[in-house]
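Chemist: Listed below are the residues making up each chain.
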Amino acid sequence: MTDVSDVSDVSDLPPEVEKLIGEVQYEEAGEFPVEQGYIYTTCSSVENGNPLFWDESVADEITNGPIAPPTMISVWFRPHQWSPGRTEPAVPLQVHFDMKRIFELPEAVMTDNTIIFHEPVRPGDRLRTRQILRSVSGPKTTKLGTGRFWVIDVEYLNQKDELVGIETYTGFGYKRGEK
Amino acid sequence: MTATTTKVEFGDVHVGDTLPELAYPVTATTIVLGALAARDWRPMHHDYDFAVNRNGTKDIFMNTPNQAAWFERFLTDWSGPTGRLGRMKFRMKGSVFPGDTMVLSGTVENVETDDTGCGWATVLVRLTVDGDLKTDCTARIALPTNDDDNPWTRRGDQWKP
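Those protein sequences? They're chains E and U, same order as listed. Taking my numbering, the leading residue of the first sequence gets 1, the next gets one more, and so forth. Taking my numbering, the leading residue of the second sequence gets 1, the next gets one more, and so forth.
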């Protein structure tokens, strides 16, 4: 699922991280069903005139009904900035923030992103996601600072338990100025 | 197929082919609209003061999901709606800011038919500003192999992205 397993170096990992590698975490449902309004807004934002997303007759003919642009896959699991009862902003990709906390690395960037597309996502779908930590590197120093790389998969499934996509993120958590 | 749209077929595509270039003048609206469409509320994509004084960047900058949406648009402008994305891998090397003219260019790096008969093109897409590479993206896109083929009908073990 990931092609950056070479960053794995479990020998120096704390047990609490070692036991998380390969574990399914944060399995959760999206906060709302896939909806057409966001599809139009996203297509508008990049001036995407693909008739699959604007012309129902084309969508009926080619994709057996309307679908969402495949690259919108992460849109459907990004949490609301606020919702009733929530006292702190929710964060997507919680495993990434867990790694920052555990290794006490205040800064982080994403360096690589791979998305594999499976079943099309359709308006009305209710997606579920789950996060899997794939690997964590030993200490590395880059021009940003010293820290660790980690690789996280996010798997997306629809209400029929069909896999709709897998996103793989490589993150680098670091402390600035330590060369 | 009755849709009066572009349709690139697998047999028409060869290694070394280039895709029509896309140049786009990026504004603050481009950045903010893209971030909010992606439900990305992080302030560096809409708050100039935060971006400059907290992140140390020169301005707000385009977020990752919106770049993916630009890549998708660029690829399907070329392939037409029967082109079906299988996989994208991209690496950000620099940021895209308001005032930039971003240029997307693409070259076909590989064509192959998999063991299910699905035709695939691998396209290297480069997003540059003033000639500087900001993001590169390798995309694998399925294309119809003949008039009757439609990659979107593939499911299960017939779809190997």
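Hints should not be assumed to be uniformly reliable.
Covered by chain E, per the in silico footprint, the following chain U stretches (three or more residues, Cβ under 8 angstroms) [stated by the list, open to error]: (1) 43–55; (2) 85–93; (3) 142–150.
Lysine-lysine pairs mimicking DSS-like chemistry, simulated, CA-CA at most 27 angstroms apart [unchecked claim]: (4) U/K7 x U/K58; (5) E/K140 x U/K93; (6) E/K175 x U/K7; (7) E/K160 x E/K140.
I should point out that these hints are in silico values taken from the structure, not numbers from a laboratory. Where is the CB? At the ideal position from N, CA and C, for every residue including glycine.
Chemist: Does U/K93 lie within 27 angstroms of E/K140 when you go C-alpha to C-alpha?
Modeler: Holds: E/K140 and U/K93 sit about 18 angstroms apart, inside 27 angstroms.
Chemist: Is the coverage entry for the region 85–93 of chain U by chain E consistent with the three-residue Cβ rule at 8 angstroms?
Modeler: holds (count 8)
Chemist: What's the verdict on E/K160 and E/K140, does the C-alpha distance respect the 27 angstroms limit or exceed it?
Modeler: violated, 41 angstroms
Chemist: Does the region 43–55 of chain U contain three or more residues whose Cβ lies closer than 8 angstroms to a Cβ of chain E?
Modeler: n = 0 at 8 angstroms, threshold three: violated.
Chemist: Please check whether the region 142–150 of chain U has three or more residues whose CB lies within less than 8 angstroms of a CB on chain E.
Modeler: Check failed, 1 qualifying residues.
Chemist: Are E/K175 and U/K7 close enough, with their CA atoms no more than 27 angstroms apart?
Modeler: With Cα atoms ~49 angstroms apart, E/K175 and U/K7 exceed 27 angstroms; violated.
Chemist: Would the hint linking U/K7 and U/K58 be met if the CA-CA limit is 27 angstroms?
Modeler: At roughly 41 angstroms apart (the allowed maximum being 27 angstroms), U/K58 and U/K7 break the hint.
Hint violations for this structure: numbers 1, 3, 4, 6, 7, all remaining hints satisfied.
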